[in-house]
Amino acid sequence: MSSEAMAAERPNYLNATTGLKSWLLTLDHKRIGILYLLGVSAFFVLGGIFAMLIRLELVTPAGDLVQPDAYNRLFTSHGVLMVFFFLIPAIPGVLGNFLIPIMIGTKDLAFPRLNLLSWYLFMAGGTMALGGIIAGGVDTGWTFYTPYSSTYTMTAVIPVGLGVFVNGFSGILTGLNFMVTIHRMRAPGMTWFRLPLFVWSHYATSLIQVLGTPVLAITLVLLVFERAFHIGVFDPTRGGDPVFFQHLFWFYSHPAVYIMILPSMAVISELIAAFARKRIFGYHAVAFASIGIAVLGFLVWGHHMFVSGQSVYAGTAFSLLTMLVAIPSAIKVFNWSFTLYQGSVSFQTPMLYALGFIGLFMIGGLTGVFLGTLGFDVHVHDTYFVVAHFHYVMVGGTIMGYLGGLHYWWPKITGKLYPEFWGKISALLVFVGFNLTFFPQFLLGYMGMPRRYHAYPEEWQVLNVLSSAGASILGLGFVLPVLYFAWSLKKGPLAGRNPWGARGLEWETDSPPPTLNFDEPPVMNHEVYPYADGEPGSTSGMKPASAH
Amino acid sequence: MSDIHVVPVKIYVAVFLTLMVLTAITVAVAFVDLGALNNVVMLGIAVAKATLVVLFFMHVKYGTRLVPLVAAGGFFWLLILFGFTLSDYLSRGWLGAGTPWMR
Amino acid sequence: MSTAHPAVLHHQFDTLEQQKESATLGMWLFLVQEILFFGGLFMAYMLYRWRDPQAFAAGSHELDITLGLVNTVILIASSLTMAMAVHSAQTDKNKALVRYLVATGILGLAFLVIKYFEYSAKWEHHLVPGPNFHFPELAIDGRAEIFFSLYFAMTGMHALHMVVGLVLLGWLLVPAARGRFNSQYHNPIECFGLYWHFVDIVWIFLFPLLYLIGRHYHGAV
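Which chain is which? The protein sequence lines are A, B and C, in order.
At position 77 of the first sequence the residue is numbered 278 (my numbering), and the sequence of numbers has no breaks.
At position 71 of the second sequence the residue is numbered 943 (my numbering), and the sequence of numbers has no breaks.
At position 152 of the third sequence the residue is numbered 162 (my numbering), and the sequence of numbers has no breaks.
Watch out, some of these pointers could steer you wrong.
[Claimed, not checked] Quick list of the computed label-pair ranges, beta carbon to beta carbon:
1) Thr354/A <-> Glu27/C: 50 to 56 angstroms
2) Glu134/C <-> Ala896/B: 29 to 35 angstroms
3) Val174/C <-> Ala920/B: 39 to 45 angstroms
4) Val881/B <-> Asp24/C: 54 to 60 angstroms
5) Asp265/A <-> Gly955/B: 28 to 34 angstroms
6) Gly955/B <-> Val513/A: 41 to 47 angstroms
7) Leu226/A <-> Tyr934/B: 35 to 41 angstroms
8) Ala920/B <-> Ile124/C: 23 to 29 angstroms
[As the list claims (entries may be wrong)] Below are the DSS-like pairs computed for lysine-lysine, each with C-alpha atoms no more than 27 angstroms apart in a straight line:
9) Lys103/C <-> Lys882/B
10) Lys30/C <-> Lys882/B
11) Lys882/B <-> Lys105/C
12) Lys105/C <-> Lys30/C
13) Lys882/B <-> Lys933/B
14) Lys132/C <-> Lys30/C
15) Lys103/C <-> Lys933/B
16) Lys625/A <-> Lys691/A
17) Lys692/A <-> Lys625/A
18) Lys691/A <-> Lys222/A
19) Lys933/B <-> Lys132/C
[What the hints assert, rightly or not] Okay, the calculated bits of chain A under chain B, using three or more residues with CB under 8 angstroms as the criterion:
20) 490-504
21) 508-515
Hints in this document: simulated from the structure, not taken from any laboratory.
Idealized CB from N, CA, C, for every residue including glycine.
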């Protein structure tokens, strides 16, 4: 038995203490990451069930499975759970929490108690939203547009709105914690330009969470006041302006799209470097592109409001500014592609997700440029074209990155290897299923099928059936990892410190890491991504511990 | 370690007295008709008071460079919210049809 | 680094200085989110006042300028006592620290008591938005209601922050009375001070924006 195999039996963050209480009151960022993993997975399953019901209804043109009222509640529940309780917290909560302190070479986040509080706020918000969904649901769509949400609907807007409000503070506190940690806790020698791009991207995400989320919070407070006390800020019959709600809502919710995609880009940068065996091409450009996306993201929210009654002059300005976001996004895509050039690329599961991400994000991003174009948006507004576009970004982007990252760091988190063969199968299923689900929706939207209806004319059935069929393949692709990850916990071979032969401080400590992350406080005495360009990749797949 | 900057009590008292004087001025000016200038003076005084509190009571004058940057960033983002939202409302009447929202 | 880990140093930090700088930065980032939180309300105020200047002036005229002024003085005074509390901690004057904290608490409480009397007067005069709302000048009834909606939303959020501040203050008094804070370690006092001053700043804007508009062409007559 090699020394590294024995390392796995040494004290680590998983076996340091035992019992439910040691988990529920833990201050260890790694354990809190695991708590997030459990939380976001639960909400993902619920949101996924709602998605399946939607796709099932849309198999036939007639509205035969559910009534319109129930359908409205279905897509709202799907949207609220997926956006606020899965996409936004998933990567920062699970991977960011686990990895940022290790990557910068410190013992924990700056405020461990606050970190635990973030998780409890997330769970409390999720429980409130879920309570609202059970107690009758909401039929406003995840955007809660006034005056319908504030005055007319009879559904449970207040508990769901308050749930999102509480969860907002979870995100704010996580962002704040990350920013202070990155500013103040870096190991000796870990300069800003030696930070892994994962950390840069999470810093940009945190900026948005701290600067944007409070505006959503006060907007929801006003919405709840409006329903509860009839204060009239958004109610046209009382002199309020419903479009003003959209301004406040999208001031947060457009940047929130970047809260969802930036952490995924964070993961992709790490995966591309590790599996091309090269330093990321244009490291500085990619780092600044993250910050650029975060800042520019605040200047474009009006492109959600082209048909709301917003002034056409503001609409034109927002449309032009929207084009600017394409620049840092393209910088990232080009630099990842250049990194692959003459790299020693190996196609293992995480890399399959990363390559899938690049392709799908490009489609999602480019259709975003279409939609940001004022003239085009007026035609496809509120059609399936929009639905397909943001699912290409949210599923093709965020979830692909999340799954890729989860596979890549699973050996670090658990100390065990998953079966590579099944990993590849699931990556393939996700890619094929995803495209089959959402590409037909571009066509449907272009032909004019509106979103949020439970019935449609018969000529659109073929494309809708294709989409539903794709959704079941996609669902299977999501179930498989659950099975083999669970299997790996029991029977997976030990991972050893660095099964991928990757570079980075997280690979220089045990798998799973000790409670304080490192035996000796690390010193960063070299550049980031120190791959000898073109060094041979680990073509034989993951190396178990004993192979070293 | 004990290189913390201790602000002399004199400065705190001076800031407090200045804030009191500015409060008195802002109330007095509110009763004088200066036209549009009323709002300018009122907000100017409020900004001056807030700046005094931030610089002295909140020690921004004495802290690291990062803190003023963070504080300024917060106010800058506020201006983005104000400016871009108003850009919609202010330009709605430009088409000549009046602002439907103004009724 | 090689010295023993002081008891007040949390495990994730290497030095007290690092801990202090982290706490300060964290508090400032929290205040940044507070700026944007209140910013949404100020945005609403700006928008509706720009549209209905007369209604806002008339509504403002219904507010009690004396009570507003008294509360402004009280709050600025509490900022001074809070600054003195931090000063006392920095100079190892523990008794003075406790005294100044108590003074800050009493001033904060006085602010809320006055606010309570203001609110109840508004209720009696049917100036609370909702079915009972009734404005003396009927022509601008609906628009004045938005002024009062914002008045209650903004001062209510501010008062809520005061209440939270007072709870935190009570919670800090215990370790302060036990002499846990000194020139080496006083992050909690300092961070609480930042919060308290921020709440003061919000009021510095609320007072003129809510109480003092249009006084010249109504009040002078």
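So, going through the hints one by one against the coordinates:
no. : hint                                      : result
1   : Thr354/A <-> Glu27/C: 50 to 56 angstroms  : holds (54 angstroms)
2   : Glu134/C <-> Ala896/B: 29 to 35 angstroms : holds (30 angstroms)
3   : Val174/C <-> Ala920/B: 39 to 45 angstroms : violated (27 angstroms)
4   : Val881/B <-> Asp24/C: 54 to 60 angstroms  : violated (33 angstroms)
5   : Asp265/A <-> Gly955/B: 28 to 34 angstroms : violated (50 angstroms)
6   : Gly955/B <-> Val513/A: 41 to 47 angstroms : violated (18 angstroms)
7   : Leu226/A <-> Tyr934/B: 35 to 41 angstroms : holds (38 angstroms)
8   : Ala920/B <-> Ile124/C: 23 to 29 angstroms : holds (25 angstroms)
9   : Lys103/C <-> Lys882/B                     : holds (17 angstroms)
10  : Lys30/C <-> Lys882/B                      : holds (25 angstroms)
11  : Lys882/B <-> Lys105/C                     : holds (20 angstroms)
12  : Lys105/C <-> Lys30/C                      : holds (23 angstroms)
13  : Lys882/B <-> Lys933/B                     : holds (16 angstroms)
14  : Lys132/C <-> Lys30/C                      : violated (44 angstroms)
15  : Lys103/C <-> Lys933/B                     : holds (23 angstroms)
16  : Lys625/A <-> Lys691/A                     : holds (20 angstroms)
17  : Lys692/A <-> Lys625/A                     : holds (19 angstroms)
18  : Lys691/A <-> Lys222/A                     : holds (23 angstroms)
19  : Lys933/B <-> Lys132/C                     : violated (41 angstroms)
20  : 490-504                                   : holds (count 4)
21  : 508-515                                   : holds (count 6)
In this structure, the earlier hints numbered 3, 4, 5, 6, 14 and 19 are contradicted, and the remaining ones agree with it.
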